Amino acid sequence: MSMAIDEGNSIEKGRQHKRRRLAVDAPFLHKLQFRHFVLFDVVPLLGTAAAVALAFYHPIGWLNVLLFTTLWLLTGLGISAGYHRLFTHRSFKTIKAVRVLLAIFGSMAGQGAVISWVAMHRRHHECADKPGDMHSPNLHGKHVAGRIRGFIHAHYTWMIKHEYPNVAHYVPDLLREPALLRTARLYNWWVALGLIIPTAIGAAVTHTAMGALTGFLWGGMVRMFVVGHSMWALNSILHTMGTQRFRLRENPNDNSRNNWVLGILAWGEGWHNNHHAFPNSAFFGLDWYRIDLAYWFISLLRVFGLAWDVKLPTKERLAARAAERPAVVAEQAL
Amino acid sequence: MTAVALTNAHAIQSWCVDYVARILNMNKADVDPNMELERFGLDSSTAVALIMDLETQLNIELAPELLFAYPTFAKLSQHLETLLPLRTRVA
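If you read the protein sequences in the order shown, they are chains S and E. Numbering follows my numbering, with no gaps: position 325 of the first sequence is 325. Remember, my numbering sits 1000 above the position in the second sequence when you count from 1.
I should point out that these hints are in silico values taken from the structure, not numbers from a laboratory. It is possible that part of the hints are untrue.
As the list claims (entries may be wrong) - Label-pair restraints from in silico Cβ distances:
# : chain 1 : residue 1 : chain 2 : residue 2 : range
1 : S       : E316      : E       : A1063     : 47 to 57 Å
2 : S       : H143      : E       : A1063     : 30 to 40 Å
3 : E       : R1039     : S       : A97       : 28 to 38 Å
4 : E       : Q1078     : S       : D25       : 24 to 34 Å
Computed from a predicted model, the values in this text were never measured in an experiment. Note that beta-carbon positions come from the ideal geometry of N, C-alpha and C, so glycine has one too.
Generate coordinates for the entire structure from the input sequences, incorporating the hints supplied.
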């Protein structure tokens, strides 16, 4: 991961070195963020409420369950194996077609284009639970009201308006990959495709408008809602409560936690403390008995020769990390 | 990215052309510096990347929304030249 401040880019001798900005704010970016929040975070919430209400009058059929599960799995793997483990942490290598496919499935989750997501997530690791962490629940005061405000911020409201990371600084590797940039530029279309597919299948199978509607709601809205909240729970719940197997020497503020329920429900992402201790490990579970769906998927890719250089920590590294303690006392929460 | 001497509008413009040619996988010859950037298909994240990289190259703090005010590379680089410290400027 890059250093927090890059001072090596002065263009002329004798001129003052300038710190590279790590994040920026601009009205046009905030406008885009607000629009994104309403379309992809609020609308699925309303859609889910509609789906649940409708279920009382029109029972959920097997097709809806199938559409939800398939798209939940594909977009979840797109986020966890793709956006997170492959693009952010480069924890394995794969062919270009798999990279593009994972970026497309990740886009369908509606959590932002891959460039922005990766830049923000690399910044999160760099500043975990310190100023600069865009979605820490621990920076709003220590009292009950502050804890609650922090929790809501980390889970949901941070997305309404936030700093935008310096993408040139955080994702220079992705900016050198034209195929990925092209995929990212089409982000809105991928989200739309993720809604059109279940609607079309619902219509084609049932030949009814109700089939199209429930396909859209369960394969689109409810699926986006569940995938979104599963990931946001990492920011809110898993930086607040759960077990903490590793205490990081380099960042005493890091309050990442493990939770087996979210481990199972969120494609292995719930082993969040393990992940903060070993960000480059493709395996968040770290042991076979911790369910880690995205790692199983990466292992499957490896069986077919589609994944290689899969990074895992050595036994020595695991033992050393488990014995570590923070070097200094945590900064007071703001 | 290696540091190059961006001391006038021409150098800045050709640096920008190289940059988007790489980002958008185009031939440099096809990047018309008088064409509006929007029409190339530069999105907000890559537009910010361009401005942030320029900021580092020029060592001048730039507004991320600069491309709205100067929507072509010709206009942008002429504007940026005026921001260069006098002793750096080479016409």
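Outcome of range test on Cβ distance (S/E316, E/A1063; 47 to 57 Å): holds (49 Å)
Range hint compliance [Cβ, E/R1039 to S/A97, 28 to 38 Å]: holds (29 Å)
Supplied distance hint 30 to 40 Å, evaluated on CB atoms of S/H143 and E/A1063: For S/H143 and E/A1063 the Cβ distance comes to about 38 Å; the hint holds.
C-beta pair E/Q1078, S/D25: status relative to the range 24 to 34 Å that was hinted: holds (26 Å)
Violated hints are absent here; each numbered hint is respected by the structure.
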